[in-house]
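Asker: Please model the entire structure based on the sequences and the hints provided.
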Amino acid sequence: MIWVSWRQHRSAVFGCLAVLAGLAVYAIMLGTSMRTAFGQDGLASCLARSQGTGCFGAVSAFDNEFGSEVNVAFWSVALIVPGLIGVLVGAPLIARELEYGTWRLAWSQSVPRARWLTVKLATVTGGLIVLGAAMTAIITWYRAPMDRLIGHFLHNSYDFEGLVPTAYILCAFGFAVLAGLLIRRSIPAMIAAFIPWLAIRLIVEFMLRPHFLAPLTIACSATPGGCFGHGNGGYGLSAIPPATGHIGDWVLNPSTGPSGNLISYQPADRFWIFQSIEAGIFVALTAAALGTAIWLLHRRTA
Amino acid sequence: MTEHDPGSGGPTLRTDRLGRRYGRVWGLRDCTLEVPTGAVVGLVGPNGAGKTTLLEMITGLLEPTEGQVSVFGQTSRAHHPATLARVGYVAQDHPLYRDFSVADLFRLGRAMNPGWDQELAAARMGTLGIPLKRKARQLSGGQQAQVSLTMALAKRAPLLVLDEPLSSLDPVARLEFMREVMVAAVGTGLTVIISSHVVSELERFCDWLVVLAHGHVQLAGPADDLIAAHWLFTVPRATPDAELPGRVIHRSDSDRHSAVLVRVDPVRLAVEARAGWQAEPVGFEQLVMAYLQRSSGAATTGNYVTSQVVTR
Chain A
1 MIWVSWRQHR SAVFGCLAVL AGLAVYAIML GTSMRTAFGQ DGLASCLARS QGTGCFGAVS
61 AFDNEFGSEV NVAFWSVALI VPGLIGVLVG APLIARELEY GTWRLAWSQS VPRARWLTVK
121 LATVTGGLIV LGAAMTAIIT WYRAPMDRLI GHFLHNSYDF EGLVPTAYIL CAFGFAVLAG
181 LLIRRSIPAM IAAFIPWLAI RLIVEFMLRP HFLAPLTIAC SATPGGCFGH GNGGYGLSAI
241 PPATGHIGDW VLNPSTGPSG NLISYQPADR FWIFQSIEAG IFVALTAAAL GTAIWLLHRR
301 TA
Chain B
1001 MTEHDPGSGG PTLRTDRLGR RYGRVWGLRD CTLEVPTGAV VGLVGPNGAG KTTLLEMITG
1061 LLEPTEGQVS VFGQTSRAHH PATLARVGYV AQDHPLYRDF SVADLFRLGR AMNPGWDQEL
1121 AAARMGTLGI PLKRKARQLS GGQQAQVSLT MALAKRAPLL VLDEPLSSLD PVARLEFMRE
1181 VMVAAVGTGL TVIISSHVVS ELERFCDWLV VLAHGHVQLA GPADDLIAAH WLFTVPRATP
1241 DAELPGRVIH RSDSDRHSAV LVRVDPVRLA VEARAGWQAE PVGFEQLVMA YLQRSSGAAT
1301 TGNYVTSQVV TR
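Here the protein sequences come in this chain order: A and B. Numbering-wise (my numbering), the first sequence opens with residue 1 and increments by one. Numbering-wise (my numbering), the second sequence opens with residue 1001 and increments by one.
Source of the hints: derived by calculation from the structure; they are not laboratory data. As the structure is a prediction and not an experimental result, all values here were calculated from the model. Quick reminder that beta carbons are idealized off the backbone N, C-alpha and C, glycines included. One should not assume that every hint holds.
[As the list claims (entries may be wrong)] If you anchor each label on the Cβ, the simulated ranges turn out as follows: (1) Pro1114(B) / Arg184(A): 24 to 34 Å; (2) Arg299(A) / Asn1047(B): 25 to 35 Å; (3) Tyr26(A) / Ala1123(B): 45 to 55 Å.
Answerer: What follows is the structure in structure tokens.
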């Protein structure tokens, strides 16, 4: 049965390997030059000395060369990639069988259809986890110098590192499998799965993620530069270090209030907790979608 | 799965008041059949008659809404491995994975069927001259049908179900396909069900007949018995149905005479033969047509294609 899954998806596997290879080439080229520049600009010693304050020259030189890595345009394009991978692999999984009539061949063998689907889903999910982990590892490696400057909490690092990229892929895959079963056609199923995936992805990112844990606060007077003395956690290398004075902290809203001026922020060491919470949300959605698909197929009329 | 005993004499296949509803419409209803071991059953009916519905319930692909199916005395349960393993199934248009080679398809069959007979599968491809390395999409329609049939036979299931196997084949491929089915059936005591809307194709091969229309069984039984039980009478046009020696199945009136197909009552036949009547035995196709015309009303007879190739 696992062989059957492999045989049906091997062209997708080769496609994914090609994408990974392309990503690796890009990452090695960019990552190597980033490392070289990082050393030449003397950023390491500057960071060790002062968390980035007082070395604007070095930071802006680095920014000139690699600033596109942290800008919104880069993020918006890269944002959709996990979703595309998920729906491209997921939508045809059942829909293609229904479109081509091969379900009559597949489901009239001595393996019940629910088991057929379960084995297929387990195999393909395993493959996607490996793919997601490999992509994450490559991205994390090449971005490492950049992340030493901006930390792991900004969109461009957080969304492509740790656990969440793999969870995003799985969620899009789960939605697409279910959509393929319900709509019975691959291309419409891809669209029908991608749109809610993207909506949930953005809602989680902008509305839920800042509140996964209650933010810490710090009085503006206690920070090296006051509330607005340094970057406030937005995009760009000008935000080094953030207003808390500690690289990697995610500053939510430096503000002046009636009870004194406060900065609320998520500290850098919450990265893995936040990653686990967010990955958990998307994995739960995946499990719900795939479980529904198996249940529906088991009960399916024809 | 060959633990059945063909010598036990019980029916291979039994359906008991079987029905399947799609929303508010019944695709098939009240279908009660008993088919003996070794029979080659022709399942005839127009498109939409419920043939595929019946066959999918027999194979375990479709859950009945009411009633049940049993194969060799064991009740079928949709989507259960034991039920699926008892039936070899060649679906309409014999679907195959187009980018799989024949060898890949057989490997799939082996992976998904405990009773898979690889030797049989390979030997059949050798006999038919189909290379194992050839991709399914490179095969002719006839060869694809043969690969599908081989996959169904290699399951070693005691019951073989063929859904419209001939409709997409040219006449030569049809003949070759049916020859292979008959060789397999005679050689192994297989029970075979073939659905078709091409009546004349079935006449040569089937010894059992089931006529299905509008989701109901119109006629079922051994073909020879059914043919023997029906006569075509030519009688004066004025003759009322009630005077004919049995149940009138179909009647067509011309200027002075009527041709009436009757399921005869043997007792009345002896008594009521009259001067001026002619009686002749019916043919397979004539019999099927009469039941189909009866079920649909005579006005729609033109919709039914008997002998020529039907493309859907």
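Asker: Taking the CB of Arg299(A) and the CB of Asn1047(B), does the distance hold inside 25 to 35 Å?
Answerer: 27 Å, holds
Asker: So does Pro1114(B) sit 24 to 34 Å from Arg184(A), Cβ to Cβ?
Answerer: At roughly 30 Å between Cβ atoms, Arg184(A) and Pro1114(B) fall inside 24 to 34 Å, so the hint holds.
Asker: Mind checking the hinted window 45 to 55 Å against the Cβ distance between Tyr26(A) and Ala1123(B)?
Answerer: With a Cβ separation near 53 Å, Tyr26(A) and Ala1123(B) satisfy 45 to 55 Å, so the hint holds.
When the structure is compared with the earlier hints, no violation turns up for any of them.
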